[in-house]
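Chemist: Given next are the chains, with one letter for each unit.
There are 2 protein chains.
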Amino acid sequence: MGNADNGEYGSAASHRVAHPPPQPFVTSLRNTLKETLFPDDPLRQFKNQPARRKVVLGLQYFFPILEWGPRYTLDSFKSDLIAGITIASLAIPQGISYAKLANLPPILGLYSSFVPPLIYAVMGSSRDLAVGTVAVGSLLMGSMLGTVVNASEVPKLYLHLAFTATFVAGLFEAALGIFRLGFIVDFLSHATIVGFMSGAATVVCLQQLKGLLGLDHFTHATDVLSVMRSVFTQTHKWRWESAALGLVFLFYLMLARYFIGELKKGINPSSVMDLNFDSKYLPVAIKTGIVTGIIALAEGIAVGRSFAMFKNYHIDGNKEMIAFGMMNIAGSCTSCYLTAGPFSRSAVNFNAGCKTAVSNIVMALAVMITLLFLTPLFHYTPIVVLSSIIIAAMLGLIDYQAAIHLWHVDKFDFFVCITAYVGVVFSSIEVALVLAIGLSIMRILLFVARPKTLLLGNIPDSKVFRNIDHYQNARNVPGVIILEIDSPIYFANSNYLRERILRWIIDEEERLKSLKETSLQYVVLDMSAVGNIDTSGISMLDEVKKIVDRRGLKLMMVNPGAEVMKKLNKSKILETIGEEWIFLTVGEAVGACNYMLHSCTQQMKSHESDKQYNNV
Amino acid sequence: MGNADNGEYGSAASHRVAHPPPQPFVTSLRNTLKETLFPDDPLRQFKNQPARRKVVLGLQYFFPILEWGPRYTLDSFKSDLIAGITIASLAIPQGISYAKLANLPPILGLYSSFVPPLIYAVMGSSRDLAVGTVAVGSLLMGSMLGTVVNASEVPKLYLHLAFTATFVAGLFEAALGIFRLGFIVDFLSHATIVGFMSGAATVVCLQQLKGLLGLDHFTHATDVLSVMRSVFTQTHKWRWESAALGLVFLFYLMLARYFIGELKKGINPSSVMDLNFDSKYLPVAIKTGIVTGIIALAEGIAVGRSFAMFKNYHIDGNKEMIAFGMMNIAGSCTSCYLTAGPFSRSAVNFNAGCKTAVSNIVMALAVMITLLFLTPLFHYTPIVVLSSIIIAAMLGLIDYQAAIHLWHVDKFDFFVCITAYVGVVFSSIEVALVLAIGLSIMRILLFVARPKTLLLGNIPDSKVFRNIDHYQNARNVPGVIILEIDSPIYFANSNYLRERILRWIIDEEERLKSLKETSLQYVVLDMSAVGNIDTSGISMLDEVKKIVDRRGLKLMMVNPGAEVMKKLNKSKILETIGEEWIFLTVGEAVGACNYMLHSCTQQMKSHESDKQYNNV
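From first to last, the protein sequence lines are chains A and B.
In this text, residue positions in the first sequence follow the UniProt record's numbering: the first is 1, and each later residue adds one.
In this text, residue positions in the second sequence follow the UniProt record's numbering: the first is 1, and each later residue adds one.
One or more hints might be untrue.
Okay, the calculated beta carbon distance ranges per label pair [stated by the list, open to error]:
#, chain 1, residue 1, chain 2, residue 2, range
1, A, Leu282, B, Ile290, 44 to 52 Å
2, A, Arg550, B, Thr233, 55 to 63 Å
3, B, Asp549, A, Leu43, 48 to 56 Å
4, B, Arg229, A, Ser28, 37 to 45 Å
5, B, Asp549, A, Lys78, 52 to 60 Å
6, B, Asp542, A, Lys546, 44 to 52 Å
7, B, Trp68, A, Leu225, 56 to 64 Å
8, A, Arg16, B, Gln401, 28 to 36 Å
In case anyone wonders, no lab produced these hints; they're calculated from the structure.
Just so it is clear, the structure is predicted and the values come from calculations on it, not from any experiment.
C-beta atoms are modelled at their ideal positions from N, C-alpha and C, and glycine is treated no differently.
So here's chain A without its partners, still in its complex pose (with noise of 0.2 Å):
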């Protein structure tokens, strides 16, 4: 904020605010464009390559694997055969039971770990992630769907609009990966991601109850006050035994009646035909494809990013999202639902020390071994053990800790962080994530409506300028008040702008007027952090002209960028100001000031004596 002068104010005018070269409305377009669809530039690779090499260069782009895959070595598979039979291990029982979370076969949940994760390897650009059903994204399924249709009533219609909500998501993934358009999920917030996943979390573990307790009859609903109510109002139908001596009854269990029900042996039947878009269901189906789609988005590609992180390699995010689409469409074709990059799961990958996507192969490959021979085996998986399952994975899903570091550095993103926790646990998770995200949102048009105008002040012993309340030390110049605008202006701020200055200026005469020292004459306006302009910030600029021009007050303008400075040309107002009037630094700005402060009294000293003279 504020800028320093460049040594004496003699050859300020030397340097002065440019004017930015002339680009042509096309060119800036398409840059702009560029600048907010490919960020990332993806393309510059293919530039002046022979066009062969740019086929090559194309299909490794789409498939990874065709990049990495012929330099890949038999120490690598040896790590990724590892880490991979280690993930299919964890894959079996947390498949199945969040498959029951979604109130879903459990059957689901193996298929759902044997195709996507295929998938993946092709087209994934993480070497990490390990692919598979996630806790939030299942729980979203069961509790959004469940709202239209009943899982126990009508099991079949429920699986297929499952499958059409899976197909719905990756259709909406892809969507988002080839129109560019990744950044729609950075609207999740960090802060709103920890509060949503805790509260999911928490909901997850409440509904555990109906399985520790061995309740047969549970209610569908997410929220903590009717998951408390179907626990308390069947009190007698608790079975203490599973509660108090769950696991370790595990044996008892074993025997007992809590098998999981039909584990057919075989790999994923193909499900095209169960696709279900009759209009009746339509929308259901699609609001849970958009909302579960986002959601696993957004946890995967966190995951994939802070794997990334550790190991120094780079995640593009639209590519991400084309492979998660494309793994989730196939996947709805042949008897999966959701699946993404399961946190827990990509851990143990990473701790195993996977090399590339092959674990992810491994596991597939585990996977379907288990649904040709082992299936039977898993028949008599006791629910209490998934529910142990699961909740071990909740409780780390809770973190409190981050929610700490955020009321520490960041009251509000803590607060947004409650409300979707809350909203979570409270209401529904649609809610949440509305409340959240509004929140979150309404905060940048907060800022943009509300932008601090800082009063600036010269640093000792320097000619540097900052803001008087941020260095206690800055001094304000005689005569000037220095002020810098704090954010671009835009509708949204120029009245509140306008006011804000003026009110400035009333300020500062008064205190000069109370303190008896030299009244204002310069009113210095510091641009510098201003990033762009609309025609309200134009004509705003104008009327704060006119009205320090009544004041008999002169206005300055400090640095304006370039953006700024087109416009200020292209609307006249750079006249009316007057070119002179625009300086490079605050330094040459408060220069001129001075030397024609100075200047002035030199006149009236000479008139005076002048005066002196003829009085003689």
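Use these hints to put chain B onto chain A, whose structure you have.
Modeler: For chain B alone, coordinates are given in the frame of chain A:
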């Protein structure tokens, strides 16, 4: 943008980035709220005043007439009298016309020019605003209520709903003012209003074809298609004489049956009992009230502000809203419908040389006299005249010059403007508003989601650093890349910024390699324009630090603002970066780089010489 150095590198260390003085959470929260809700600090004048004086000031705040009333002179009254009579003569035909625009009994136009002006005269802070019904507001009310109730079939119900909508509008306006939410109106950008008004004007003019062509049956829809349909489907009913010779045959028309219907003598009857809160119609009444209310506010306040600019006095937006609100609440209880400050009438008032709001009182009294004795005269006002009055007024609202100006200065604003226009003309008023406001907000979000990162270079013969694209003569410093971040760092842009900064570094490294220049050593981030940062932004900086370290480069930071500095500190990132790597100006940072680069080469040289020495 960027910063310059304060002279010798030696002295650089003497100026450090300060830690902002600690501020308890409550204090900072209170300040934020104050800045957000009370930017004009209305309580300022109350400070250290005796209690009695405070009461007086308080009354004067809510009833400005108490402030200027005592100082009111006879001269001012002469001017106000003339102005008042002038606008009264305009108010009567205009009132009748606009009432018909809203499908309301013409007499309401007169009623609405009696009570509301009196209230505004007491509570309003503008001296030039002439109160009355507004064309766009009337059109809006007509079209919005028309969708639910047909004015010609159930006129009574329609009338009562109009009163109710006005009441709601009043409540809403007053609430905005009382809760200091005036800035919500600011989200109607200048561009939106221009486009919207022009569109509405176009629609109104088309509606007048009914009157001009003397058609009896006409559509209630406002979009151009349905209007054209109902015009060309009744070509056989066209009254060519009234169309072509409308104004010539004024006399003929006078005698013809085109009278405007019953105008009974007497001033406003009470309509308190007519307010209709039947749950069946409440939704439409509320919707209409809010939309018309906010539009009326936007127009009225804009008009008031622009005249205040001419005469150099101040208008308090929130106070105005309360005045408008009270005006409409009272109006809705005295057979008036939505009133505001129509531009046409206010302009006449201004040109007629009004001095204070007394001109409104004069107008009100003139209208009252008319209501008491002269209404029969207006019984034979020919519709064609009204139509021409409206069209004349409307054509003034189609501000194509403004649109051209928008195109020249800011293409996006032009786009918003056109969207609003097309929306109103081809679809509906609500759609147009939602689209235009949505676009404007999207622009703000996009500015934050895709901030500029500017490459800075040194301006020759100075220690000033500026954007290389803007200042063609700026030269980059060997071995150092200086990036300026041009917006607050929030969740919405932290991912983008990380990618973008990384890409800048890679590009620079490649460029230097290709040029065989000194390889990149230092990455300087100029945070001058970063107004604020949230936790996502903080962790982004942390990741950037990691990336830079891994590439064997050194990260430096320049001039973080108070907010940023506070959060860097709280989040311990400051330690990770090392406070000695945070500089007050770019110049100092670059100075330090050069110093270190220099000393390195020195060491190498001496090392070499040692070698040679040994070889000897």
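Chemist: B:Asp549 and A:Leu43, beta-carbon distance inside 48 to 56 Å?
Modeler: violated (29 Å)
Chemist: With respect to the beta-carbon atoms only, verify the hint that B:Arg229 and A:Ser28 lie 37 to 45 Å apart.
Modeler: holds (42 Å)
Chemist: Please test the hint of 55 to 63 Å on the beta carbon pair from A:Arg550 and B:Thr233.
Modeler: Roughly 57 Å apart at Cβ, these two residues keep to the hinted range, so it holds.
Chemist: For the pair B:Asp549 and A:Lys78, does the Cβ-Cβ distance stay inside 52 to 60 Å?
Modeler: violated (31 Å)
Chemist: Can you let me know if the beta-carbon spacing of A:Arg16 and B:Gln401 is within 28 to 36 Å?
Modeler: holds (32 Å)
Chemist: Is it true that the C-beta distance of B:Trp68 to A:Leu225 lies inside 56 to 64 Å, as the hint says?
Modeler: holds (58 Å)
Chemist: If I claimed the Cβ atoms of B:Asp542 and A:Lys546 lie 44 to 52 Å apart, would that claim hold in this structure?
Modeler: holds (47 Å)
Chemist: Please test the hint of 44 to 52 Å on the beta carbon pair from A:Leu282 and B:Ile290.
Modeler: violated (32 Å)
Hint compliance for this structure: hints 1, 3, 5 are not met, and every other hint is.
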